[in-house]
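Novice: So the numbering used here is basically just the index in the sequence shown, starting at one, shifted up by 150.
Treat the hints as calculated values from the structure; they're not laboratory data.
Note that the structure is predicted; figures quoted are calculated from it, not measured.
Where hints are given, some of them may not hold.
The list that follows gives simulated cross-link-like pairs (lysine to aspartate or glutamate, DMTMM-like), each with its CA atoms no further than 20 angstroms apart [claimed, not checked]:
| hint | residue 1 | residue 2 |
| --- | --- | --- |
| 1 | Lys235 | Glu222 |
| 2 | Lys260 | Glu270 |
| 3 | Lys337 | Asp219 |
| 4 | Lys260 | Asp340 |
| 5 | Lys235 | Glu247 |
| 6 | Lys257 | Glu228 |
| 7 | Lys339 | Glu270 |
| 8 | Lys337 | Glu222 |
| 9 | Lys257 | Glu336 |
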Amino acid sequence: MGRAEERRARQRGGRRAAPKRRRSSGAAQGAGGKSRIRRLFTWKKILGTFFGLCLLGMGAFIVLYMMIDIPEGNPEAELQSNVYKYSDGSIMARTGERNREIVDLAKIPKDVQRTFVAAENKTFYNDAGVDLKGTARGVLNTLSGKGAQGGSTITQQYVKNYYLTQEQTVSRKLKELVISLKLDREKSKDYILAGYINTSYYGRGAYGIQAAAQAY
């Protein structure tokens, strides 16, 4: 075979190979389209699952809200000591199971009230009584065994002190959330703040701000 014939054969071979390249390109485009469809389908499944879980959680919370009422307060949270005073008003003796003197909020200086709010719950006068992020963090810590962590509002802390217990369980945390929401709707902020100040423990056996002032 001469050189001219070899050249023509190579040219014919190149022309025949061209359609194969076009078919490969078309196949790649088809595969890419299928891949995009699969990705879209996967994202739809993920979003559908997410919204489904959100709806399920909302439904469960509505049921809890309807089932849980504000309970009676713990009698221990209202225990006070018997205080015996001299004629000049100084304390002679104090007896009783619990070192506490409940005082009206009007007798607590405004600066002291503002200090509590600034330190514990800056949004106290504007929030709905709960901190959802802090509550969720507390539930996760309880489930993971990490124990308690701050983040509750003044209302939630008062509910824990006066209506519930100090136990670290998911059920107690959920009750605290619902009761706090309801209490914030039914009671004034001053009522809640006074309750919180009078039921909190301040160390040295002192419960309530009055006993704490005398202990320190």
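Novice: Against this structure, judge whether each hint is valid.
Specialist: Comparing the hints with the structure gives:
1. Restraint check for lysine 235 and glutamate 222: not satisfied, since their Cα atoms lie roughly 32 angstroms apart, outside the 20 angstroms limit.
2. Between lysine 260 and glutamate 270 the alpha-carbon distance is near 15 angstroms, which keeps this suggested pair within the 20 angstroms criterion.
3. A C-alpha spacing of about 14 angstroms is found between lysine 337 and aspartate 219, which places the hinted pair at or below 20 angstroms, so the restraint holds.
4. With a CA separation close to 11 angstroms, the supplied pair lysine 260 and aspartate 340 stays within the 20 angstroms bound.
5. For the proposed pair lysine 235 and glutamate 247, the alpha carbon gap of about 18 angstroms is at most 20 angstroms, so the pair holds.
6. Proximity of lysine 257 to glutamate 228 is assessed by CA-CA distance (about 18 angstroms); at most 20 angstroms being required, the pair is judged to hold.
7. Straight-line distance between C-alpha atoms of lysine 339 and glutamate 270 comes to about 14 angstroms, which keeps the hinted pair within the 20 angstroms bound.
8. Using a Cα cut-off of 20 angstroms, the hinted pair lysine 337 and glutamate 222 holds, with the two alpha carbons roughly 14 angstroms apart.
9. Restraint check for lysine 257 and glutamate 336: the C-alpha separation of about 23 angstroms exceeds 20 angstroms, so the hint is violated.
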